[in-house]
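J.: Sequence:
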Amino acid sequence: MKQRSITTITQNPWHSGFLGTGHKAKAVLDGISYKQSDPFILFMDDSLDLPGGEPVGGPHPHAGFETLTLVLEGNETDWKTGSFELMTAGKGIIHTEEITSEQKLRILQVWLVLPPEKRWAEPRLQRILLEDVPRIKAGDHEIRVYSGTSNGLTSPLDNYTPFTLVDFRLNKTAIVTQEIPAQYQGLVYVLEGSVKAGDKIIKAEQAGWLSSSTETGNTELQFQALDENTHFVLYAGQPHNVPVVHHGPFVADTSEEISRLYRDFRRGQFPHLNDLPAGQKINY
Numbered sequence: 014m015k016q017r018s019i020t021t022i023t024q025n026p027w028h029s030g031f032l033g034t035g036h037k038a039k040a041v042l043d044g045i046s047y048k049q050s051d052p053f054i055l056f057m058d059d060s061l062d063l064p065g066g067e068p069v070g071g072p073h074p075h076a077g078f079e080t081l082t083l084v085l086e087g088n089e090t091d092w093k094t095g096s097f098e099l100m101t102a103g104k105g106i107i108h109t110e111e112i113t114s115e116q117k118l119r120i121l122q123v124w125l126v127l128p129p130e131k132r133w134a135e136p137r138l139q140r141i142l143l144e145d146v147p148r149i150k151a152g153d154h155e156i157r158v159y160s161g162t163s164n165g166l167t168s169p170l171d172n173y174t175p176f177t178l179v180d181f182r183l184n185k186t187a188i189v190t191q192e193i194p195a196q197y198q199g200l201v202y203v204l205e206g207s208v209k210a211g212d213k214i215i216k217a218e219q220a221g222w223l224s225s226s227t228e229t230g231n232t233e234l235q236f237q238a239l240d241e242n243t244h245f246v247l248y249a250g251q252p253h254n255v256p257v258v259h260h261g262p263f264v265a266d267t268s269e270e271i272s273r274l275y276r277d278f279r280r281g282q283f284p285h286l287n288d289l290p291a292g293q294k295i296n297y
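Heads up: the sequence shown begins at 14 in our numbering, then just goes up one per residue.
The hints are simulated quantities; they were obtained by calculation from the structure and are not laboratory data. A quick note: this is a predicted structure, and the numbers were derived from the prediction, not measured. Misleading hints may appear alongside valid ones.
Keeping only pairs whose Cα atoms sit at most 25 angstroms apart, straight-line, the calculated BS3-like set for lysine-lysine is [claimed, not checked]:
hint : residue 1 : residue 2
1    : K150      : K104
2    : K39       : K15
3    : K117      : K93
4    : K104      : K48
5    : K37       : K93
6    : K48       : K93
7    : K15       : K48
8    : K117      : K216
Whole structure, please, built from the sequences with the hints as guidance.
T.: Listed below in structure tokens is the structure:
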């Protein structure tokens, strides 16, 4: 099988997050063109240590893409550790992320662009808790498959844009491999420790970008942990190879569509996530 490689390694700084005191964020895609990151248009690593008190966050709209929310560190109520949500904003949705109590969270949120023919799909929400995530636990490694396939396991998620999201936790010297469709683009993001991916070493808080490939079928990338408790995630997806317009909370094909989305939102034409029919809220 053709071996995949890492071509570029990037590392962006933490900055103050929009929730104020106790919120720091890292924009993982900064400095990378959409042509290289397609189908991913935003990737935020959010670390929150909030004191509680006055509400922070609140209701806001999205349209034209999907949000992928992986909870690395959560609580036992609304943000459960290891859980994952895929929210299809599609033709428009409002959702609320309001925090009033003391919270310590670490969340990865990625925006996945919808294919043009599904840009205005009906909104929906898919959720999977850690105990329901397909995973392998061996002596020196754990693999969690949130989307796509890995090492014989397949996620139950239904995807408009085919993508792979796998969480790897390896002890030092552990070696695992991952098959990746040749046409997929994406990145390896290291959260703790360091890993040798192909022939490149990626350290904590760095992102390693997959090489492009003209092959068909699958390619393979080998990972070897260089430290104890090495933890990294792989995001890889089918690029659309179609220009898009991104403005604020919206993704569209033209500037005129962006203007329409703002008008529709102001006119109250977006439903709230909480009000979606049961058939559009899927728990695995």
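J.: Hinted pair, alpha-carbon criterion (25 angstroms max): K150, K104. Please report holds or violated.
T.: violated (39 angstroms)
J.: Given the hinted pair K117 and K93, is their alpha-carbon gap at most 25 angstroms?
T.: holds (11 angstroms)
J.: Given the hint that K104 pairs with K48, does the C-alpha gap stay at or below 25 angstroms?
T.: holds (24 angstroms)
J.: Given the hint that K48 pairs with K93, test it: the Cα-Cα distance must not exceed 25 angstroms.
T.: violated (33 angstroms)
J.: Take a quick look at whether K117 and K216 sit within 25 angstroms of each other, Cα to Cα.
T.: Between K117 and K216 the Cα gap is close to 24 angstroms, so the pair holds against 25 angstroms.
J.: With a cut-off of 25 angstroms on the C-alpha distance, tell me whether K15 and K48 pass.
T.: It holds: about 23 angstroms lies between the C-alpha atoms, which stays within 25 angstroms.
J.: Take the C-alpha atoms of K37 and K93, compute the straight-line distance between them, and say whether it is at most 25 angstroms.
T.: Judged against 25 angstroms, a Cα distance of about 20 angstroms means the pair holds.
J.: Between the alpha carbons of K39 and K15, is the straight-line distance 25 angstroms or under?
T.: With a Cα-Cα distance of about 33 angstroms, the restraint between K39 and K15 is violated, given a limit of 25 angstroms.
Checked against the numbered hints above, the structure violates hints 1, 2 and 6; every other hint is satisfied.
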